[in-house]
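S.K.: The residues making up each chain are set out below.
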Amino acid sequence: MKFLEKETDRFVLTMVEKNIWMKELVLTYGFFHEENYKGEESHQEAALAFVTAINQKRGHTKIEYTDRVNFPVNLRKTYSINQLLMQGFIIEGNVFFSTAYDSDKKYTSDYATAFFKLSSSYKGEEKDFIQLNNHIFGNRAKLIIYQWNNTWSDYFSYIKKMSGAAYLWTVYDEESKKFTVLGT
Amino acid sequence: MRLGEKYNMEFLLQETEVLSQKLEEKALFIRRLNLDFVYFKEKNYRNVESHKQAAIEFIKVMNKKSLGYSCVHSTELHCFDDLPIFIKSLAYPYAVNPELMYAKSVLPPAFFSTKCENGKYESSYAYSILSQIYKPQREEIFLKANEYLFPMQENLIIYQWNNDWSNYFSIGREEYGAYLWTIYERETEKFTVIGASMRY
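Sequence order for the protein chains is A and B.
Residue 107 in my numbering is what sits at position 107 of the first sequence, and the numbering runs on without skipping anything.
Residue 1 in my numbering is what sits at position 1 of the second sequence, and the numbering runs on without skipping anything.
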């Protein structure tokens with residue numbers, strides 16, 4: 001699996017060039033190339049590669065693998081991961097990309113919730129969500145989407161404390177052989 | 001062609017890296033300065049064109065510092081204020097739109113002047129270092145440091161650049177000021193680029 005670092009680093013600028021509102025967006029997007037896709041195993045690998053890449057951008061070269069089960073908020077030190085706690089499940093595309101509300105006026109899609117609701121200062125609108133997704137997910141029919149639980153690393157701890165929720169998705173596009181990883 | 005690759009302006013890595021250590025040894029600017037000094041060698045001086053290239057190369061060096069690899073993203077974006085200033089606490093690349101760049105020439109006496117009337121400095125360089133809200137340095141130290149940094153002040157060709165062509169300036173524009181000066185010394189064929197994006 002290859003980290004597409006330049007594409008990842010330019011992503012926010014590319015979206016702003018397309019007039020998509022990115023300020024105060026809680027989600028981070030990372031891109032990876034995977035030639036030998038092996039189902040869930042590759043999705044797990046992508047999730048780990050994403051947290052590793054983020055950790056590197058925070059100035060740490062090495063992730064700490066641990067058997068701890070508690071991850072207090074960690075702003076500066078290297079992130080830890082307990083792989084045994086990782087659980088992923090498949091999400092259907094139409095559920096993932098939906099902008100529908102349920103009866104409580106909450107988004108039915110966790111992705112839409114993360115996009116709009118995790119930061120109260122995000123000013124983007126539905127069109128920003130739709131355009132951004134159209135840009136990165138060209139062929140929806142070829143996507144395999146996994147959502148991961150948020151208990152296996154302190155990568156999630158800060159946002160969980162601040163907003164009560166934290167998410168990570170790994171999305172594989174079989175056509176372009178690319179992983180898009182989205183995390184809060 | 002990628003930005004700045006047509007002419008061979010050389011980034012003086014070692015000189016740039018030892019500067020803050022040297023200033024500290026000489027007891028000049030001991031407190032956190034928050035200005036970025038970068039040196040380049042430019043044998044093929046092309047007046048304001050070279051200054052513009054030095055300004056862009058400076059952003060490249062700032063990216064290398066935070067990302068670990070040298071790059072500069074060029075963009076046609078006109079409003080850099082739409083870009084997030086931070087993405088969480090992550091290093092985030094600076095982009096430039098060279099079309100938006102303009103500069104004015106500053107004569108050395110005006111650049112180094114410490115004159116200040118009603119709290120307004122004649123020189124924005126002096127302001128960025130001496131101003132009260134922003135971690136002030138003593139005037140005496142400022143003068144000494146300039147003697148050390150620029151032994152031949154009268155030979156300098158100085159341009160001050162606008163600050164809305166790159167998100168390098170975003171935090172300073174929001175907080176205590178954002179500046180960029182490109183300073184060329186003909187005899188040594190060296191550029192000193194000073195950038196400031198001043199935050200608390």
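It is worth saying that the hints were derived from the structure and are not from the lab.
Misleading hints may appear alongside valid ones.
Straight line, CA to CA, 27 Å or less: simulated DSSO-like cross-link-like pairs of lysine-lysine [said to hold, decoys possible]:
| id | chain 1 | residue 1 | chain 2 | residue 2 |
| --- | --- | --- | --- | --- |
| 1 | A | Lys6 | B | Lys26 |
| 2 | A | Lys18 | B | Lys43 |
| 3 | A | Lys38 | A | Lys6 |
| 4 | A | Lys23 | B | Lys144 |
| 5 | B | Lys60 | A | Lys23 |
| 6 | A | Lys105 | A | Lys77 |
| 7 | A | Lys6 | B | Lys22 |
| 8 | A | Lys6 | A | Lys106 |
| 9 | A | Lys6 | A | Lys23 |
| 10 | B | Lys60 | A | Lys62 |
| 11 | A | Lys18 | A | Lys161 |
S.K.: Does each hint hold? Answer for all of them.
M.R.: Here is what the structure says about each hint:
no.: 1; hint: A:Lys6 <-> B:Lys26; verdict: violated, 40 Å
no.: 2; hint: A:Lys18 <-> B:Lys43; verdict: violated, 40 Å
no.: 3; hint: A:Lys38 <-> A:Lys6; verdict: holds, 25 Å
no.: 4; hint: A:Lys23 <-> B:Lys144; verdict: violated, 42 Å
no.: 5; hint: B:Lys60 <-> A:Lys23; verdict: holds, 23 Å
no.: 6; hint: A:Lys105 <-> A:Lys77; verdict: violated, 38 Å
no.: 7; hint: A:Lys6 <-> B:Lys22; verdict: violated, 35 Å
no.: 8; hint: A:Lys6 <-> A:Lys106; verdict: violated, 35 Å
no.: 9; hint: A:Lys6 <-> A:Lys23; verdict: holds, 20 Å
no.: 10; hint: B:Lys60 <-> A:Lys62; verdict: holds, 26 Å
no.: 11; hint: A:Lys18 <-> A:Lys161; verdict: violated, 32 Å
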